[in-house]
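Let the sequences and hints guide you as you build the complete structure.
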Amino acid sequence: MKVTGPWDRHRIDEFLEGARIPVRIGCRTPAGDPWIVSLWFAWDGTIHCATGANADLIGFLSHDDHVSFEISTNDPPYRGVRGRGTATVEPDIEKTQLRALFDRYLGGTDSDLGRRLLRPEREEIHIRIEPERLHTWDFTGRMPSSPTQ
1 MKVTGPWDRH
11 RIDEFLEGAR
21 IPVRIGCRTP
31 AGDPWIVSLW
41 FAWDGTIHCA
51 TGANADLIGF
61 LSHDDHVSFE
71 ISTNDPPYRG
81 VRGRGTATVE
91 PDIEKTQLRA
101 LFDRYLGGTD
111 SDLGRRLLRP
121 EREEIHIRIE
131 PERLHTWDFT
141 GRMPSSPTQ
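Numbered per full-length UniProt numbering, the sequence shown spans residues 1 to 149.
Hint data in this document are derived by calculation from the structure and do not stem from the laboratory. The reader is advised that the hints may include incorrect statements.
Keeping only pairs whose Cα atoms sit at most 25 Å apart, straight-line, the calculated DMTMM-like set for lysine to aspartate or glutamate is [what the hints assert, rightly or not]:
#1 2 x 14
#2 2 x 44
#3 2 x 70
#4 2 x 138
#5 2 x 130
#6 2 x 64
#7 2 x 17
#8 2 x 65
#9 2 x 13
#10 2 x 92
Ranges of calculated distance between the beta carbons of each label pair, as one might list FRET restraints [to be verified]:
#11 141 x 86: 31 to 37 Å
#12 120 x 8: 40 to 46 Å
#13 54 x 28: 16 to 22 Å
#14 5 x 122: 37 to 43 Å
#15 93 x 62: 41 to 47 Å
#16 107 x 31: 35 to 41 Å
#17 91 x 63: 14 to 20 Å
#18 8 x 77: 16 to 22 Å
#19 140 x 65: 15 to 21 Å
Even for Gly, the Cβ is constructed at its ideal location relative to N, Cα and C.
Here it is as structure tokens:
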């Protein structure tokens with residue numbers, strides 16, 4: 001994997017493992033049009049997401065598995081990781097990935113959203129993105145923090 005920008009791999013891992021912001025995934029529709037979607041993610045050297053089996057994204061990735069992605073802060077100072085890679089999709093029969101994402105983002109599944117997405121009849125898909133290239137940026141040294149931070 002090629003890494004460019006100010007952060008080394010250790011700093012990338014540190015940022016992505018601690019980030020509780022969505023990943024923005026860019027792909028192409030079968031007609032060749034660009035598409036972007038935001039999903040919760042986990043990082044272990046690859047990006048792991050979950051979505052419903054009937055989501056448009058699953059069909060798009062089945063047609064073309066090449067993706068771009070970005071995980072970045074929404075408040076100054078702006079910093080983050082963007083890149084490209086290859087996505088694979090597989091059924092998540094036990095909703096293991098989805099449960100792990102609920103734990104990561106909300107501290108558990110005890111919510112209306114958790115109950116709705118974990119319904120037994122809902123089919124879930126695990127999306128895994130293998131990065132080919134990562135690029136980082138960090139404007140901390142030249143941009144003040146947001147007054148709300």
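| query | Tell me, which hint numbers fail for this structure? | reply | Per hint list: 10, 15 and 19 violated.
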